[in-house]
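Enquirer: Sequence:
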Amino acid sequence: MSQRIANTLINTSNGTTTFAGKGGAIPDGIGSFQDEIVIQENFHITEVSVTLNDIIHTWVGDLSVRLRHLESNTVVDLFQRPGLPKFSSSGYCNDLKGNYSFSDRSDCNFEETAATHAVIPSGKYASLQSLSAFSGMSGSGTWQLIIKDSSAGDSGSLGSWNLDFERK
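Residue 18 in my numbering sits at position 18 of the sequence shown; the count goes up by one each step and never skips.
The set of hints was computed from the structure by calculation and includes no laboratory data.
Computed from a predicted model, the values in this text were never measured in an experiment.
Hints should not be assumed to be uniformly reliable.
[What the hints assert, rightly or not] Mimicking DSS-like on lysine-lysine, the simulated pairs with C-alpha atoms at most 25 Å apart in a straight line are:
no.	residue 1	residue 2
1	K97	K148
2	K124	K97
3	K124	K22
4	K168	K124
5	K97	K22
6	K148	K22
7	K168	K148
Given the sequences, and given the hints that come with them, work out the whole structure.
Expert: Shown next, in the form of structure tokens:
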């Protein structure tokens, strides 16, 4: 697990602040990829979005992705083993290869898209659980991205990730 402080701020404009996390290999079938962004600045969150940059994995149904704010123990699932159990006990076999953003502003269903594309198109998607769970909170603290691969046999990696805040 890595921790990045201060230098994670990559952009502030029009009330939006973007922080960057690093990527790495997603362990195949055991453990999880985890990265943390530590934010020292105190601000009021009005909206959150998460972007997974250059994520590659050969079986999306293996994966669960979540965002956690450690200090409040608030957790939001971005997606959780798409296609499980309605498609199969292994979920959808479709691939991730690109950039995927999750926010409450999108009405594009990630699981429905995963069901109909061999390679899930890069784009903006609604998260499985609403990111509004973070609204009204302070942005300061430790933000953790967790990617769990629940089944061995298919591998993947994450290039990097961004955490975007609309703020007051």
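Enquirer: Determine for every hint whether it applies to the structure shown.
Expert: Cross-check of the supplied hints:
1. Simply put, K97 and K148 have alpha-carbon atoms about 17 Å apart, close enough for the 25 Å limit, and the pair holds.
2. In summary, the hint linking K124 to K97 is supported, as the alpha carbons are separated by about 14 Å, within the 25 Å threshold.
3. The straight-line distance between the Cα atoms of K124 and K22 is roughly 20 Å, inside the 25 Å bound, and the hint therefore holds.
4. At roughly 23 Å between alpha-carbon atoms, K168 and K124 fall within 25 Å of each other, so this suggested pair holds.
5. Distance check on the hinted pair: K97 and K22 sit about 17 Å apart at the alpha-carbon level, within 25 Å; holds.
6. Using a Cα cut-off of 25 Å, the hinted pair K148 and K22 holds, with the two alpha carbons roughly 16 Å apart.
7. About 33 Å separates the Cα atoms of K168 and K148, which puts this hinted pair outside 25 Å; it is violated.
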